[in-house]
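Each protein sequence line maps, in turn, to chains A and B. Counting in the working numbering, the first sequence runs from 58 upward without gaps. Counting in the working numbering, the second sequence runs from 14 upward without gaps.
Just so you know, the hints here were simulated from the structure itself, not pulled from any lab data. These numbers were taken from a predicted model, which means no experiment stands behind them. Be careful, since some hints might not be right.
Claimed, not checked - Partial list, derived from the structure: chain A residues whose beta carbon lies under 7 Å from chain B:
(1) 97
(2) 100
(3) 122
(4) 143
(5) 148
Claimed, not checked - Ranges between beta-carbon positions, derived for each pair:
(6) 83/B to 142/A: 32 to 38 Å
(7) 142/A to 24/B: 26 to 32 Å
(8) 108/A to 24/B: 37 to 43 Å
(9) 153/A to 68/B: 33 to 39 Å
(10) 153/A to 74/B: 21 to 27 Å
(11) 54/B to 87/A: 38 to 44 Å
(12) 109/A to 122/B: 41 to 47 Å
(13) 120/B to 65/A: 32 to 38 Å
(14) 84/A to 22/B: 35 to 41 Å
(15) 141/A to 66/B: 41 to 47 Å
(16) 39/B to 131/A: 32 to 38 Å
Heads up, the beta-carbon is just placed ideally off N, CA and C, and yes, glycines get one too.
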Amino acid sequence: EPEVTQTPSHQVTQMGQEVILRCVPISNHLYFYWYRQILGQKVEFLVSFYNNEISEKSEIFDDQFSVERPDGSNFTLKIRSTKLEDSAMYFCASTEYTEAFFGQGTRLTVV
Amino acid sequence: DQQVKQNSPSLSVQEGRISILNCDYTNSMFDYFLWYKKYPAEGPTFLISISSIKDKNEDGRFTVFLNKSAKHLSLHIVPSQPGDSAVYFCAGLMRGNEKLTFGTGTRLTIIP
Numbered sequence: 058e059p060e061v062t063q064t065p066s067h068q069v070t071q072m073g074q075e076v077i078l079r080c081v082p083i084s085n086h087l088y089f090y091w092y093r094q095i096l097g098q099k100v101e102f103l104v105s106f107y108n109n110e111i112s113e114k115s116e117i118f119d120d121q122f123s124v125e126r127p128d129g130s131n132f133t134l135k136i137r138s139t140k141l142e143d144s145a146m147y148f149c150a151s152t153e154y155t156e157a158f159f160g161q162g163t164r165l166t167v168v
Numbered sequence: 014d015q016q017v018k019q020n021s022p023s024l025s026v027q028e029g030r031i032s033i034l035n036c037d038y039t040n041s042m043f044d045y046f047l048w049y050k051k052y053p054a055e056g057p058t059f060l061i062s063i064s065s066i067k068d069k070n071e072d073g074r075f076t077v078f079l080n081k082s083a084k085h086l087s088l089h090i091v092p093s094q095p096g097d098s099a100v101y102f103c104a105g106l107m108r109g110n111e112k113l114t115f116g117t118g119t120r121l122t123i124i125p
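Chain A with its partners taken away, still in its complex shape (with noise of 0.2 Å):
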């Protein structure tokens, strides 16, 4: 059965450096999404991606956040420079039409 796949599945990283989340589609689906949840809480909307470009972002996607589609395959997620409360679990969606597979996640923690 398809699925998203994301990588790595555990991200350590300074507070300041720079991190690219990577995040595999299913081939036939033509939306692309990130979403996190911080710890305890819920999932909240980042971006979704439609035709090689952001469709729309939440307020939490500013200017350090960035994302792209390389290969036609890949669709990263870049944090210019961490901070503390960008730790979370980051997870990778994508869709055909209605609902939303996710990828198993990404746990980024900023030290």
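With chain A's structure known, arrange chain B on it following the hints.
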């Protein structure tokens, strides 16, 4: 602004009984509502959805009911099984921006 609310943070149900998870929303523009199940350290797994023009959708042990006038939906799981123990999120989806707006989740524990 909490557009989707799950007011019960936790629920315990005996195995074999019915589990009822509730969700309220404020945004009338949602076109679909979806339920996701989440285990610790895993991504949300899609369970079932309902279009805003329907009032019921059933899939095996899972049934979702939508009451548009009350802006309320519920997920019924019957019979409940130990493997159903997880956190359940409801989410609203608007066609056009295609993003999911999640509730805060309800932790369901099935007691053997």
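| field | residue 120/B paired with residue 65/A, Cβ distance criterion 32 to 38 Å | value | 27 Å, violated
| query | Using the C-beta atoms of residue 153/A and residue 68/B, is the stated range 33 to 39 Å upheld? | reply | Given a distance of about 25 Å, which is not inside 33 to 39 Å, the answer is violated.
| Falls inside 21 to 27 Å, the C-beta gap from residue 153/A to residue 74/B? | Since the Cβ atoms of residue 153/A and residue 74/B sit about 25 Å apart, the hinted range of 21 to 27 Å holds.
| query | Does 38 to 44 Å hold as the CB distance between residue 54/B and residue 87/A, or does it fail? | reply | 28 Å, violated
| Is 32 to 38 Å a correct range for the gap between the Cβ atoms of residue 39/B and residue 131/A? | Given range 32 to 38 Å: holds, Cβ gap about 37 Å.
| task | Given the hint of 35 to 41 Å, check if residue 84/A and residue 22/B actually sit that far apart at their C-beta atoms. | result | 37 Å, holds
| field | Restraint outcome when residue 143/A is required to lie within 7 Å of chain B by C-beta distance | value | The hint is violated - residue 143/A has no Cβ within 7 Å of chain B, the shortest such distance being about 18 Å.
| request: Just tell me: holds or violated, for the beta carbon distance of residue 83/B and residue 142/A against 32 to 38 Å? | output: Holds: the Cβ-Cβ distance is about 36 Å, inside 32 to 38 Å.
| Does residue 148/A pass the interface check with chain B, least Cβ-Cβ distance below 7 Å? | Result: holds, 5 Å to nearest chain B Cβ.
| Taking the CB of residue 109/A and the CB of residue 122/B, does the distance hold inside 41 to 47 Å? | Check passed, 44 Å falls within 41 to 47 Å.
| query | Holds or violated: 41 to 47 Å for the Cβ distance of residue 141/A and residue 66/B? | reply | 45 Å Cβ-Cβ, so the 41 to 47 Å window holds.
| request: Answer holds if the nearest beta-carbon of chain B is closer than 7 Å to that of residue 97/A; otherwise answer violated. | output: 10 Å, violated
Hint check: violations occur at hints 1, 3, 4, 9, 11, 13; the rest are consistent with the structure.
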